[in-house]
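**Student:** Sequence:
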Amino acid sequence: MMFAIIGAALAAFIGFGMYKANGLKSLQIVKTVSIKGSKEEVFEMVKYLKNFPKWSPFLAQDPSQKYEVKGIDGKVGAQYHWDGNKGKDIGYQEIVKIDEYKFVGMKCDIQKPFVAKPTFDYSFSETANGIEVKQDFKLESGLVDAFFMWLFGAKAQMEKTNQQGLDLLKKAVESGRD
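Just so you know, we're using the numbering used here here: the sequence shown kicks off at 35 and counts up by one.
Keep in mind that the hints were calculated from the coordinates and are not lab data. Since we're looking at a predicted model, the values are computed, not measured. Think of the CB as a built atom: it goes at the ideal place given N, C-alpha and C, for glycine as much as any other residue. Worth double-checking, as some hints may not be accurate.
To be verified - Restraint ranges, calculated between C-beta atoms of paired labels, are given here:
id, residue 1, residue 2, range
1, LYS122, MET35, 39 to 47 Å
2, PHE137, ILE40, 51 to 59 Å
3, VAL149, ASP170, 17 to 25 Å
4, LYS84, GLU193, 52 to 60 Å
5, ILE106, LYS189, 30 to 38 Å
6, GLU160, LYS122, 35 to 43 Å
7, PHE37, LYS189, 27 to 35 Å
With these hints in hand, go ahead and build the complete structure from the sequences.
**Tutor:** Structure, rendered in structure tokens:
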């Protein structure tokens, strides 16, 4: 009887988790920030990967992270490679599209701690409050990966990390103006 109850509870938990995970198979997180600075300053802070350490939430979380820029920085094909958390976080991001002062598109290739290929698209527009940067993060996952993302609350952590990155971008541009 006890095993039947435990089995039923486990089946319900897994069933509920798979239902919730189905909604995480295609994940999109959109964040925005307004930055006091010129469109050129803000755009170039994102376009040139050599600037990423100034606003990387990952480097802020792991200051011992090693990184290098490969290719021609600020051009399509440039890559920012990282190796952090004592070899437990490895991957790179690559610029795949640039529309000068309007858009930078990047794809990531994460090898550790899990395999993923998210994209980050940055749009820039002038507003009364400064330059608005919109970050559009997308990640496609299989059902099993999405289940573990649900189980460990990964979406909330990703949202927090993405916002941290935009906050650091704002700080990097605005502190450079002082």
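**Student:** Indicate, hint by hint, whether the structure satisfies it.
**Tutor:** How the hints compare with the structure:
no., hint, in the structure
1, LYS122 - MET35: 39 to 47 Å, "43 Å, holds"
2, PHE137 - ILE40: 51 to 59 Å, "52 Å, holds"
3, VAL149 - ASP170: 17 to 25 Å, "22 Å, holds"
4, LYS84 - GLU193: 52 to 60 Å, "27 Å, violated"
5, ILE106 - LYS189: 30 to 38 Å, "35 Å, holds"
6, GLU160 - LYS122: 35 to 43 Å, "41 Å, holds"
7, PHE37 - LYS189: 27 to 35 Å, "34 Å, holds"
Checked against the numbered hints above, the structure breaks only hint 4 and satisfies the rest.
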